[in-house]
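Protein chains in written order, with my numbering: chain A, 1146 to 1268; chain B, 889 to 972.
Since the hints were derived computationally from the structure, they do not count as laboratory data. Note that the Cβ used here is the ideal one computed from N, Cα and C, for glycine as well. Treat the hints with caution; some may be incorrect.
In silico DSS-like pairs for lysine-lysine, Cα to Cα no more than 25 Å straight-line [claimed, not checked]:
{"hint": "1", "chain 1": "A", "residue 1": "K1255", "chain 2": "B", "residue 2": "K958"}
{"hint": "2", "chain 1": "A", "residue 1": "K1255", "chain 2": "B", "residue 2": "K966"}
{"hint": "3", "chain 1": "B", "residue 1": "K918", "chain 2": "B", "residue 2": "K933"}
{"hint": "4", "chain 1": "A", "residue 1": "K1168", "chain 2": "A", "residue 2": "K1211"}
{"hint": "5", "chain 1": "B", "residue 1": "K958", "chain 2": "A", "residue 2": "K1226"}
Label pairs and their computed distance ranges (CB to CB) [to be verified]:
{"hint": "6", "chain 1": "A", "residue 1": "E1172", "chain 2": "B", "residue 2": "K901", "range": "50 to 56 Å"}
{"hint": "7", "chain 1": "A", "residue 1": "N1153", "chain 2": "B", "residue 2": "Q891", "range": "53 to 59 Å"}
{"hint": "8", "chain 1": "B", "residue 1": "A968", "chain 2": "A", "residue 2": "T1160", "range": "34 to 40 Å"}
{"hint": "9", "chain 1": "A", "residue 1": "N1240", "chain 2": "B", "residue 2": "L950", "range": "26 to 32 Å"}
{"hint": "10", "chain 1": "A", "residue 1": "E1261", "chain 2": "B", "residue 2": "K964", "range": "19 to 25 Å"}
{"hint": "11", "chain 1": "A", "residue 1": "G1166", "chain 2": "B", "residue 2": "S902", "range": "33 to 39 Å"}
{"hint": "12", "chain 1": "A", "residue 1": "T1206", "chain 2": "B", "residue 2": "T969", "range": "21 to 27 Å"}
{"hint": "13", "chain 1": "B", "residue 1": "R971", "chain 2": "A", "residue 2": "L1267", "range": "29 to 35 Å"}
{"hint": "14", "chain 1": "B", "residue 1": "K918", "chain 2": "A", "residue 2": "G1207", "range": "40 to 46 Å"}
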Amino acid sequence: MSFNILNNQVQEVQTVDKSLGLKEQIESILNSSSVILFMKGNADMPQCGFSANSVAILKSTGVAFKTFNILNDMDIRQGLKEFSNWPTYPQIYVNQKLIGGNDILTEMYKSGELQEYLASNLK
Amino acid sequence: MSQEFKFVEDLIKSHLGESEVFVEDMTGTKDHLEITVVSDVFKGKLLIEQHQLIMDALKEELKLRIHAVKLHTYTKEKFATLRG
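Bound conformation, chain B alone:
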């Protein structure tokens, strides 16, 4: 991942603990981000609860550098089946 979205990765990791974070710039303007997070923190949680964890982590940046996000959240097991 490019270094310029490292702050996003760091914020999410510091809130969630062990996780993998992938960030894509959807529009080329660096403020509409597609974010994929893989973590076992999501186990047993509803999709909305998973998204709320990420939105909480990014709360302050959503008022500053980030305008909009599209989120994908997976447990490790689920992500492995997608990759399969």
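So that you can see chain A by itself, here it is in the shape it has in the complex:
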């Protein structure tokens, strides 16, 4: 693995087009990368231990991913919970599909299921 990949592995979604409806805003974030982590804070400065743990797991898998800081956007913070029918953060999406919060991500990582899932679903 080159340093280049490591350096570009994590990016943050900074802005959302607020002229869009809430569902379209959420979809625009989900469409911006194959792997999205909705979290408290960002990868450099997580504001919650569970979010920090999810960042660490995704980093260690080596996949490129984007983060979105739900603390900066109350519309998304509330709206995504209803969109996904999942009540807490962080939330991890692969190809626009919710695969879990931190507990599930951790369990999938430990069992090897996560690495397998990423390998078979990411190109």
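Please build the complex by placing chain B on the supplied structure of chain A, with the hints as guidance.
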């Protein structure tokens, strides 16, 4: 299992069909439960889909008697290897 969490077991079984359900009171307050479910309904499903099945079954009780849950879900085969 103690009788007091039989309602949890019954709810899950009625949603999932044939399954084994184990409930632990994590905090002694009877509202933070660690729930283990073994069922072949989980075969071929992602972990989140397995958890969502349980959360759906408990949806109403999560507004009433249950405050938080920690879930473990296994197929029969997987559970047997853990026991091994």
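Against the structure, the hints come out as follows:
| no. | hint | verdict |
| --- | --- | --- |
| 1 | K1255/A to K958/B | holds, 17 Å |
| 2 | K1255/A to K966/B | holds, 15 Å |
| 3 | K918/B to K933/B | violated, 30 Å |
| 4 | K1168/A to K1211/A | holds, 19 Å |
| 5 | K958/B to K1226/A | holds, 19 Å |
| 6 | E1172/A to K901/B: 50 to 56 Å | violated, 37 Å |
| 7 | N1153/A to Q891/B: 53 to 59 Å | holds, 57 Å |
| 8 | A968/B to T1160/A: 34 to 40 Å | violated, 50 Å |
| 9 | N1240/A to L950/B: 26 to 32 Å | holds, 29 Å |
| 10 | E1261/A to K964/B: 19 to 25 Å | holds, 21 Å |
| 11 | G1166/A to S902/B: 33 to 39 Å | holds, 38 Å |
| 12 | T1206/A to T969/B: 21 to 27 Å | holds, 24 Å |
| 13 | R971/B to L1267/A: 29 to 35 Å | holds, 34 Å |
| 14 | K918/B to G1207/A: 40 to 46 Å | holds, 43 Å |
Hint compliance for this structure: hints 3, 6, 8 are broken, all remaining hints hold.
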